[in-house]
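**Q** Letter by letter, the chains look like this.
Number of protein chains: 2
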Amino acid sequence: MTAGSSAPIGVFDSGIGGLTVAHAIIQHLPNERIIYFGDTARVPYGPKSPDTVRRYSREIAGFLVAQGVKTIVVACNTATAHALPTLQEEWEVPVIGVVEPGARAAVNATRSGHVGVIGTAGTIKSGAYERALRALRPSLRVTARACPLFVPLVEEGWVDHDVTRMVAREYLEPLREAEVDALVLGCTHYPLLKTLLAEVLGDDVRLIDSAEETARETSRILRERGLEAPASAAPVGGHRFFASDDPLQFLQLGQRFLGDVIEGVQVQTLG
Amino acid sequence: MTAGSSAPIGVFDSGIGGLTVAHAIIQHLPNERIIYFGDTARVPYGPKSPDTVRRYSREIAGFLVAQGVKTIVVACNTATAHALPTLQEEWEVPVIGVVEPGARAAVNATRSGHVGVIGTAGTIKSGAYERALRALRPSLRVTARACPLFVPLVEEGWVDHDVTRMVAREYLEPLREAEVDALVLGCTHYPLLKTLLAEVLGDDVRLIDSAEETARETSRILRERGLEAPASAAPVGGHRFFASDDPLQFLQLGQRFLGDVIEGVQVQTLG
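Residue numbers (the working numbering), protein chains in the order written: chain A, 1 to 271; chain B, 1 to 271.
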C-alpha cells in the first residue's frame with residue numbers, strides 16, 4: 001500500500017469547490033500529477049451529519065488509495081472537520097486537511113487577535129476551526145458564523161449580484177460588529193466570493209483562503225517524506241478528474257474554477 | 001409482492017419537501033397509514049443527473065416495497081420527472097407521481113391558456129411538465145423557469161425575507177412578462193413560499209400546489225383498485241418516517257412541514 005514519489009496526489013471534495021485547492025497545488029507543485037474526486041452525486045456535505053460525511057469520505061479515500069496515490073488532500077472543509085482523524089488512522093499515506101493550514105494563516109494574519117470563521121452549517125457546528133485556532137494561540141478570540149446560502153449562490157453563478165451582497169451583509173453582520181481583522185473562508189466555494197466579501201467587510205479585514213496554505217502544507221509534507229515528484233519528470237498523462245455524477249456538468253462548472261486544465265472527467269459511482 | 005388494503009402507503013422524496021404531499025394525503029385519507037422516506041443523506045436531487053436520480057429512486061422504491069406498501073407516491077418533482085416510468089415498469093404496486101396531477105390542476109385553473117412552471121434545474125430541464133400539460137391540452141402555452149435558490153432559501157427558513165423576495169422577482173420576471181395566469185409550483189418545497197410568490201405575482205395568477213392534486217389522485221387509484229383502508233380501521237401504529245441521514249435534523253425541519261404528526265424518525269442507510 002505504499003506509493004512512490006512519482007505517484008499522483010489524491011484530492012477530494014464533496015463537489016467542485018475543492019478545485020480551488022487543486023489549482024493551488026498545481027501552481028505550487030508543477031511536477032505533481034493530481035487525481036481529483038468530486039462527489040457530485042451526493043453534494044453538498046455542509047448540511048449533512050458527521051456520520052454520513054465520514055462514511056462518504058472513507059469511501060472516497062479508499063478509491064483514491066486504490067488508484068495508488070502517495071498522499072490524500074481533503075479539499076473540503078466539512079469533510080476535514082468530520083473525517084480527518086478517521087482517515088489519518090485508517091491509511092498509511094499522509095492525509096492533509098484544509099482546516100489547520102487555514103487556521104495557521106489566520107493566526108499569522110491577525111493583529112487584533114480577533115479572528116472570524118465562516119463555513120457551512122456542518123463545519124461551523126463541528127467547532128473544528130475554533131479548536132485549530134486555539135491550539136495555535138489559546139488567547140485568540142474567535143467569532144464563527146454558518147453561511148449556508150453561499151454555496152448555492154456561487155453555483156448559481158451569482159458571485160457579483162445584489163442578492164449575494166444582501167445575503168453577505170446579513171451573514172457577516174455579527175463579524176463586523178465583533179470587529180474581526182482576519183476572516184477564514186472556511187469553505188472551498190467561498191474564494192469565488194472574495195471580491196464581494198471584501199466590499200462588504202472593508203479593506204481592514206484580511207480574507208484567508210485555505211487553498212494556498214494547504215498547497216504549501218502539501219509541499220512541506222511531501223518534502224519531509226521524500227515523496228516529491230522528481231523535477232525532471234514532467235507530469236505524465238496529466239491530471240485526472242473523477243465525479244460521482246454527470247461528468248459534463250462537472251466539466252462546465254469545474255472550468256469556472258480551473259480553466260482548461262480539466263480536459264475530461266470520468267464517472268465513478270460510489271455508494 | 002402484493003399488499004392488501006390495510007397495508008401502508010409509501011411516500012418518498014429527496015428530503016423533507018415531500019412532507020407537503022404526505023400532509024395532504026393524511027388530510028384526505030385519514031384511515032391510511034404512511035411510510036415516508038426522505039433521502040436526506042443525498043439531498044438535493046434537483047441539480048443531479050437523470051441517471052443518478054433514477055438510481056436513488058429505484059433504491060428507495062425497493063426499500064418501500066420491502067416494507068409491504070400497497071402503493072408508492074413519488075412526492076418529489078425531480079424524481080417523478082426522471083424515474084416515474086422506470087418505477088412503474090419495475091413494480092407491481094401502483095406508482096403515482098406529482099407531475100401529472102399538478103399539470104391537470106393547472107389546465108383546469110388557466111383561463112388564458114398560458115401556464116407557468118417553476119421547479120429545480122433537473123425538473124425544468126427534463127421537460128416533464130411541458131409534456132404532461134401538452135398531453136392534456138395541446139394548444140397550451142407553457143413558460144418554464146428553473147429556480148435553484150428557492151430550496152436552500154426555504155431550508156434556511158427565509159420564507160418571508162427580503163432576499164427571497166428579490167430572488168423571486170428575478171426568477172419570476174419572465175413569467176410575469178409572459179402573463180401566465182396559472183403557475184405550477186413544481187417542487188415540493190415551494191408551497192412554503194406561497195404567500196411571498198403571490199405577493200410578487202399578484203392576485204391574478206393562480207398558484208398550483210401539486211400536493212392536493214396528488215392526494216386526490218392517490219385516493220382515486222386506491223378506490224379503483226379496491227385498496228382503500230377500511231373506514232373502521234383507525235391507523236394502527238401511526239405513520240412511520242425514515243431518513244437516510246441524521247433523524248434529529250429531519251424531525252426539526254419536518255415539523256415545519258407536518259407539525260407533531262412526526263413522533264419519531266428512523267435512520268435507513270441506502271447507497
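It should be emphasised that the hints constitute simulated quantities derived from the structure, not laboratory data. Be careful, since some hints might not be right.
[What the hints assert, rightly or not] Examples of chain A residues toward chain B, derived with CB under 7 angstroms:
(1) A41
(2) T52
(3) L201
Even glycine gets a Cβ: it sits at the ideal position worked out from N, Cα and C.
**Q** Hints first: check each against the structure and report whether it holds.
**A** Hint check:
1. A41: holds (5 angstroms)
2. T52: Status holds, d = 5 angstroms.
3. L201: violated (18 angstroms)
Checked against the numbered hints given earlier, the structure breaks only hint 3 and satisfies all the rest.
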